[in-house]
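Chains as they are written, first to last, in our numbering: chain A, 1 to 367; chain B, 1 to 367; chain C, 1 to 367; chain D, 1 to 367; chain E, 1 to 367.
Just so you know, these hints were derived from the structure itself, not from any lab. Any given hint could be a false lead.
Since copy identity is lost for identical chains, a pair holds within one copy or between any two.
Keeping only pairs whose Cα atoms sit at most 25 Å apart, straight-line, the calculated SDA-like set for lysine to any residue is [stated by the list, open to error]:
| # | residue 1 | residue 2 |
| --- | --- | --- |
| 1 | Lys338 | Glu255 |
| 2 | Lys338 | Leu36 |
| 3 | Lys362 | Leu98 |
| 4 | Lys362 | Leu296 |
| 5 | Lys362 | Gly53 |
| 6 | Lys116 | Arg364 |
| 7 | Lys362 | Arg171 |
| 8 | Lys362 | Ala58 |
| 9 | Lys63 | Arg232 |
| 10 | Lys63 | Glu136 |
| 11 | Lys116 | Arg232 |
| 12 | Lys116 | Arg264 |
| 13 | Lys63 | Ser250 |
| 14 | Lys362 | Asp213 |
| 15 | Lys116 | Gly53 |
| 16 | Lys116 | Arg285 |
| 17 | Lys63 | Ala179 |
| 18 | Lys362 | Arg93 |
| 19 | Lys362 | Leu223 |
| 20 | Lys116 | Arg93 |
| 21 | Lys116 | Lys362 |
| 22 | Lys338 | Arg207 |
| 23 | Lys116 | Ile60 |
| 24 | Lys338 | Ala229 |
| 25 | Lys338 | Ile60 |
| 26 | Lys362 | Ile60 |
| 27 | Lys362 | Met307 |
| 28 | Lys338 | Arg97 |
| 29 | Lys63 | Pro44 |
Here the structure is a predicted model, which is why all the values come from computation and not from measurement.
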Amino acid sequence: MPSSWRLQQAAIRRMLGRPRRPRIPHLRPGTAPGTLAAPGERTPSRITVLRYGSADLAEIEAKTVEEAIAALDQPGVTWINIDGLGEPEIMARLAERLHFHPLAVEDVFNVPQRPKVEAFGDHYLIVLRMLRLVPEIDEEQVSIFFGASYVVTVQERPGGDVFEGVRNRIRGSRGRLRATGPDYLAYALIDSVVDGYFPVLESLGERLDRLEDECVSANGTLLVPHIQALRRDFLTVRRAIWPTREALVSLQRDESHLVTPETRVFLRDCYDHAVEGIDIVETDRETAASVMEIYLSSQNQRLNEVMKVLTVIATLFIPLTFIASIYGMNFEYMPELKWRWGYPAALGLMALVASGLIYSFKRRGWW
Amino acid sequence: MPSSWRLQQAAIRRMLGRPRRPRIPHLRPGTAPGTLAAPGERTPSRITVLRYGSADLAEIEAKTVEEAIAALDQPGVTWINIDGLGEPEIMARLAERLHFHPLAVEDVFNVPQRPKVEAFGDHYLIVLRMLRLVPEIDEEQVSIFFGASYVVTVQERPGGDVFEGVRNRIRGSRGRLRATGPDYLAYALIDSVVDGYFPVLESLGERLDRLEDECVSANGTLLVPHIQALRRDFLTVRRAIWPTREALVSLQRDESHLVTPETRVFLRDCYDHAVEGIDIVETDRETAASVMEIYLSSQNQRLNEVMKVLTVIATLFIPLTFIASIYGMNFEYMPELKWRWGYPAALGLMALVASGLIYSFKRRGWW
Amino acid sequence: MPSSWRLQQAAIRRMLGRPRRPRIPHLRPGTAPGTLAAPGERTPSRITVLRYGSADLAEIEAKTVEEAIAALDQPGVTWINIDGLGEPEIMARLAERLHFHPLAVEDVFNVPQRPKVEAFGDHYLIVLRMLRLVPEIDEEQVSIFFGASYVVTVQERPGGDVFEGVRNRIRGSRGRLRATGPDYLAYALIDSVVDGYFPVLESLGERLDRLEDECVSANGTLLVPHIQALRRDFLTVRRAIWPTREALVSLQRDESHLVTPETRVFLRDCYDHAVEGIDIVETDRETAASVMEIYLSSQNQRLNEVMKVLTVIATLFIPLTFIASIYGMNFEYMPELKWRWGYPAALGLMALVASGLIYSFKRRGWW
Amino acid sequence: MPSSWRLQQAAIRRMLGRPRRPRIPHLRPGTAPGTLAAPGERTPSRITVLRYGSADLAEIEAKTVEEAIAALDQPGVTWINIDGLGEPEIMARLAERLHFHPLAVEDVFNVPQRPKVEAFGDHYLIVLRMLRLVPEIDEEQVSIFFGASYVVTVQERPGGDVFEGVRNRIRGSRGRLRATGPDYLAYALIDSVVDGYFPVLESLGERLDRLEDECVSANGTLLVPHIQALRRDFLTVRRAIWPTREALVSLQRDESHLVTPETRVFLRDCYDHAVEGIDIVETDRETAASVMEIYLSSQNQRLNEVMKVLTVIATLFIPLTFIASIYGMNFEYMPELKWRWGYPAALGLMALVASGLIYSFKRRGWW
Amino acid sequence: MPSSWRLQQAAIRRMLGRPRRPRIPHLRPGTAPGTLAAPGERTPSRITVLRYGSADLAEIEAKTVEEAIAALDQPGVTWINIDGLGEPEIMARLAERLHFHPLAVEDVFNVPQRPKVEAFGDHYLIVLRMLRLVPEIDEEQVSIFFGASYVVTVQERPGGDVFEGVRNRIRGSRGRLRATGPDYLAYALIDSVVDGYFPVLESLGERLDRLEDECVSANGTLLVPHIQALRRDFLTVRRAIWPTREALVSLQRDESHLVTPETRVFLRDCYDHAVEGIDIVETDRETAASVMEIYLSSQNQRLNEVMKVLTVIATLFIPLTFIASIYGMNFEYMPELKWRWGYPAALGLMALVASGLIYSFKRRGWW
C-alpha cells in the first residue's frame, strides 16, 4: 500500500508546529517612549565585569549593579556584561550613571529589534542578533553600548554567547586587544557575532546538500516541508545579517572621535565578512529554490511514469477482454463457437491484437 | 462521496465577496483643486479640544467649530480632534482661521490618500492610515495638521482611535508630553499610529501560523482563498506602512523650525519602528507565499497518491479478469474446461500473475 | 457532455483578436528628423481657440489656422486646441509662428510617444496619454505646448476629451484659472488627464472584483483569457501613468521662469495624484496575479475531485467484477457452482470486499 | 490517433537547432591588448568614401586604404565606410593615420562587443548593434569613429546596412546634414541604427499577436518552442537596445568640444527613441510571458476535459458491467435466472443505476 | 516497460553528490584578526620570481623565501608568485618585509574570499577568482599584492594558472609590458583572469545549447538535474565575475599614485570585458530558465498524450464490453439469445456504438 499518509502528516505538523519565537517587539500603542519592562517573566540577571589596561586585568562577577558601577571609575577599559533582561532596574541604574538615551535603553528591552547602530553624542548603541547552534539555531539579541572608556553588553537571555574567544584574548593578553580602547573591544565583539554566522551557514549548507541528494530518491516522503523549514532558517540568518551590514556601513562612515582610524580598518574587514555571509545566504537561498524545482519535477516525472504503466496495462487488456467477452455471449446461433479451431483462433486473434498494441507502444517509447 | 463542492464555493464567495472598501479617491476630472465634499453621506462630526501647558489642562467637547477656535487664542498647545468627514464646513472654517493650504484641506477629504508629509511654510500636513482590529482590520485615514501652537487631527470616521494612550499621558501629566510643544504631540500621535500596526501584524502572523499548520492536513478544504485573503490583508498593512516610512524620512530631513532637534531624535526612533514593521510584513509575505507552495505541493502529492492506488488496483485486476473471461468463453472445443484440475490451474495462474505484479509494484515502491 | 470547447474557443479568439492599436511609432529609418506626416489617412482637423484674461473671454472655432494665429497677437492667455492629426500643415504653420523646435513637432505626429516633458528655452512640450472609457478604454495622445502667453494642445483623434471641466471653469470664471497665466492652464490640463485615469482604474477594479468572485465558481469556462485581457488593460494604464509621474518630476524641478512657484505647488499635488494612481495600478496588478493563482488552483482542485471519483468507483468495482467473472468461467469441475449456498456466498464475498474497500477509502478521507 | 509526436519533434529540433551566432568575443587569455585578427576567415573588405561640404560632394569606392586616407587631407567632412572585418591591416593603417587608441581598434575586431561609447581625447568610438530583417533578424556590429573632420564606420560583414537613408540625404543635399560637422553625421548614423530597431520590433510584435491568437486554438501543436524562440529574439533586441541607451546618455553628458550643443538636442531625441524601443520590448516580453501562461492553462484545461470524459464513461459503465457479470455467473442455484421477468428486471436495474449516476454527474456539472 | 527509474536515480545521485567545494571561509569566531593558518593540509608551496626592466630579465625558481626577497632589492619590477597555501610562514615573511597589513594577509588564507580590491597606502590587495576548464570548471583564489616596485601573486593551489600568456609576453619583450611599472603588470594579470572567464562561458554555452536540443526529444530521461547542474555552474561564474566588476570600478576610481593614468585606460577596457561577461552570464541564465520551461511543458504535453490514448481506448471498449457482458448473462428468458440474427445484431450494435464514439473523438480532435 502507498506510504502512510497519516503518519507523515503528524510528523509534518510536529515539525512546523514547533513553538515559534515572538516576531513582534512588545510595543504597546500609546505608552510613553523610554518605558522599560522585562519582555518575559522576571528572572535574575547575571552581571560580569572585565576591566583591563595594557598592564593590568580584573575580572569580577558583580552581585549588585553598584559593584559594576564602581569599576567604571577606575582607569582602563571596563566591559560590563549583563546576561538576561529579567531585571530592568539594573539597566535603568547603569543608564542613569552613563547618561544613556531613554530610547536607546528602550531598544534593549523591546526584543526583537532590527540590528542597527545609533550614535548619541558620547556613546553608541549597537544592536545585533547573535546566532548559535545548540544544536538548533538559537537567536538572541545583543545590545552593545560603548563610550570613551567602557563597553556595556546586554544579552537577551542567560546562557552561552559567542564572546568567549574575545574574553580569552583579553585574559591571555594576546593580539591588540589589551593595548587599545573600547572601540576596538566593541569591534572585536561585533566581529565575533558576525563570524558566529558562518558555522550556522555551514550547518544550513549541509542540510541543503542532504536535501539535494534526497530530492531525487525521495519515495513518497514529503520533502517540501523540510525544504520550507530550511528556507525559513535561511530567512532567519538573512534578517540578522543584512541589517548588520548596513549598521557596519553607518558605523564606519560616522565621523565620531569615539572610533579611531585604526579601528575603522578593522570594521571594514568585518564589513567584508558580513558581505561574504550575505553572498553565501543568497546563493544558498537560490539553490534551495532550485532544489524545490528538482523535487517537484521529479514528483511530476513519477506521476508520468505511473500514468504510463496504467495506460499500457489498461490499453493492452481492455481490447483482449472485449474479445473474450464477445465469445462469452450466450447467443444460440454463433457459428464460431462450434468451429473446431474456434478457440485457438480466438486466442490467436488476441495475440495478434496484443502484438499490434505492444508494437505501437514501443514505437511511442512507452514500453 | 467527495467533499461538498457546492457548499465550499458558497462559503468562498461569501468570504471573497465581502463589501470592499473604495480604493480610489473621489477625484472628479476637471473640478478645480481645493473643492471640498464629504466622501459619503453627511453625518455630524464630533469635535474635541484638549488644551494644555506644563501646568494647566483643559478638555472640552466643542458643540460648534467656533468653540474650538476660541481655544486657539489661549496660551499652551491646543489639540483639536475632528471625528468624521461628514461636515466639510467645520474644516473649511478651521482652514480659514489657520491659513491651511487649499490642496492640504482637499487631501483630508479625498480619502483614501497615500500616507505622506507636506510642508506648507507655517504648518505641516501629515496623512496617515490608522489600522485597528475590531476584530477585522479596520482602515481609517488620519490627517494631522500642526503649526507653532496647535495640532489638528481629522479622522475619517467617528468611532475609536489609537490616541487614547496619548490622551492619558497628557491627562496624567506623565512623560515629556506636557512640557513640550505641538511637534512632540504630533510625534506622539504618529508614533501611536505606527505602534498600532504591530497588534495587527501579530494577529495576521497568528493567522499565518494557523494556515501553515492546516495546509498539510487540509482534507479537500480549499485553503487557497484563505491564504489569498491573508495576503490581501498583508497588502493592506504594506500599503499603509511603506509610505509612512517615507513620510517619516522626509519629516526628519525637513529643516523647518517647527520641529525641534529633540523631537527629531524621537522621530528617528519612530522611523525605526516603521522599518521594523516593514521587515515583519515582508518576511511574513514571503512565508505566506511559501505556505501556498507547501499547500499546492501537498495537493499534488495527494493526486499522486490517488493515481497510484488507482493504478495498482486496476493493473492488478485487469489481467486477472482477462484470464477469467477467457475461460468464460463458450467455445465447444476448449480442452482446458474439461480437465479435472482446470479450475484450480486457472486460479493458480491468476495467483501467479498477481504475485508477479505485486512483486514488480514493490520493486517500484508503489505498494 | 463537457462544456462546448469549440464555442469557447471562438469567443476567446474574438476577444483576443480585437484589432490592436499600433504600438510602434511611425519612424522610418533614415528620414531626416523633423519630417511631418499624418500617421493615418488625411482627415480634416478641428481648431478651437479660447482666449481669456481676468476680465474678458473669447471662444471661436477657427476655420483656418491663420484665424487661430490672429488670436495670439491679442493680450491674455490664448489656448489653441487642434483635434486630429490629419492636417500636418496646420501644425507646421503654428510651429513656424511660435518657433517650436522641429523635433518637438515631430513628436506630435509620431504617435504613440512615451509621456514626457521637454524644455525648449521659450516653450515646453508635454506629451501625455489621455485615457477615457467609451465604454472600452480609449487611448489617445495629447501634446501640450505652452509658452509665455499661449497653450497649444494637439489631440491624436477628433472626438471627446477630458478637458470639458477646464473649459467650464474658464467660461464660468470659477477658481484661479482666469487670473493666472498659461502655466496654470497647462497644469489644469495635465491634472485633468491624470484625474481621468481614476475612473478607468475604478472600472478595471470592478472587473477585477467580478473576476475574483467568478474564479471559484467557474464551471468549465475559461477565465484565463479574461484575466489576461484585464492584465493587459492594467499594463496600458501603467504605461501611461509611470512616465507621466517622471514627466511631472522633471517639470517641477526645471528652473524655468515659465512656471511660477504657485503653479509648482499645484504640480506637486498633481504628482501626488499620479503616485496614488501608480499605487492602485500596482496593487491591482498584484491582486490580478493572485486571482490567476486562485483560479488555477481551483481548477487543479477540480481535477483532483474528478480523479478521486474515478478512483473510488473503479477501485470499488474492478475487484467485484473480477469475482463475478471467476464464477462465470465454464470449467466442468467447479465445486462452488454446485453448492446450494454458492450464489449467496459469492454475493457475500463481494459485499465483504466492497465494505473493506469503502472502509479504507473513508480512512483516507476519499469518500 | 493523437498528433504525430515524432514529426513535431523533428520540426522543433530543426527550429531550435539553427546555427547559433557566436556569443562570445574572441578574446584569448594572455594576448597583449590591441592585437588585431579577423574574427572569421579572411575575406576582402569594401571601402567607400563620401566627402562633402555645404557646397561640394565626392563619392568614391576606394581600391586601397591609401586612396581613402588621401581624402582625409581635403576640406569638408570625410566619411569612410569599411564593409567586413576580413582585412585587419586596413584598419591598422587608418588607426595609425588617425591615432586611434589600440584598445579602440581591438574592440572593432572583437565581435560581438556590448554597445558603448568611449571618448579618447580627439576621437570617439561608438559601438552599436545593427538589426535588420532579411527576413530573419540579422545582427551585425557597427563601430563608428568620429573626430574633428571625419567619421569612420566599420561593419562586421559585407552586405546591406541601414545607412542608405543617410547617404541619400547627403547626396540630395536635404536637411541639415550637408551644413553640419561630423558630429551631426555620427548622430544621423546612430539614429538610423536606433530607428532600425522599430521594424524589427514591429515584426516581432506581429509574431506575438499571431501566437496569442493560436495559443487557445492550438490542437496538440507544441507552441512552447515558438514562444521561446520569440522570447529569444526579444532578448536579442533587448541586448542591443539597453546598452545603446546607456551609451547615448554618456555621449550626451560628455563635455567634449567634438559634439556641438545643437547636436546634443538631436542626441536627446535619439535617446527618447531608444527609451521608446525599450518600453516596447519590455511590454512585449511581459505579454509573451502571459501568452505562455494562457497556453499552459489552456493545455491544462484540455487535460481536465479529457479526464472528465474518461471519468464519466468509466464511472457509468463499470457498475453496469458489474451487474451484467453477476448474472453471467454459472451458479446452479440462482433463482433470478429462472424468473420470467429476470432479464427485464436486470436491464431495469442497470437503467436505474445509470440514471442515478447521470443525475449525480449533472449536479456536479460534469455532463 | 518504462525507462529504468532506479538506474537513473543512481546516476543523478552521483552527479549531484560530487564532492562540493567548501563555500565557507575558515573563520573561527573569536580568533584575533590576522591569524594565519593553511586552509587544508600542509603541502610545500612553489615560489617563482620574475624580475625585469626594459632591458634585462631574470627568472628564478626560489628554494626559500629569502631568495625571493633578495630579488626585491634589485632595480626593475619583481614579480613573486607563490603556488599553494601550504606554507603560511612564507607569506608571513614576505608580509613582514613588504609591510603588508595583517588583515590583507589573513584574506589570502581565508579562502574562498569574495573578489575585491583593498588599498593600504603603499600597497594594494586584489583578490580574484580564477576559473579554468580542466575539463570541469576549476575554481581557485588568486591574491595579487602590488606596490611601487613589486607584484606578489598567491595562488590557492599548485598546478596551472592563466598567467602563462603574461609570462611569455614578458619573456618575449613583446607589447608594453617590459617598459611599464608593476601597476601595468597587475592589470595584465587581472585581465588574464577576466579573459579566462570566456572559455568557461563558451563551454557552458555549448552545454546549454545541447540541453536545449535534447529537452524536446528527451524520452523519459531526467533533464532537470542536468539543467540545475548547469545553472549551478553559471552561478559559480556569476559569483566570480560580479564582484570582480565592482573591484575594477573601485580600482579605477581610487586616486592612488600607484596606478598611472595610462594603466587606468587599460583597466577601463578590462572593466568592459567584465561587463561583457556579466551580460553573457545573465542572458544564458535566462535562457537556462526558459529551457527548463520548455522541458517541463514538453513533459506535460507527453502526459496529455498518454492520457488521451488511455481515454480513447478505455472509452471505446468499456461500452462495447458492457454490451457483450449483457448477452453473456444466463437468464432463461432472454428472447434475443434465441433470435436467428441475434449475434450479428449484437455485433452490429457494437459497431454502431464504436463508430459513434470514434466520430465524437474525431470532432474533439482526440483521434
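Subject >> Earlier hints that do not hold, by number >> reply: 1, 2, 3, 5, 6, 7, 8, 9, 10, 13, 15, 17, 18, 21, 22, 23, 24, 25, 26, 28
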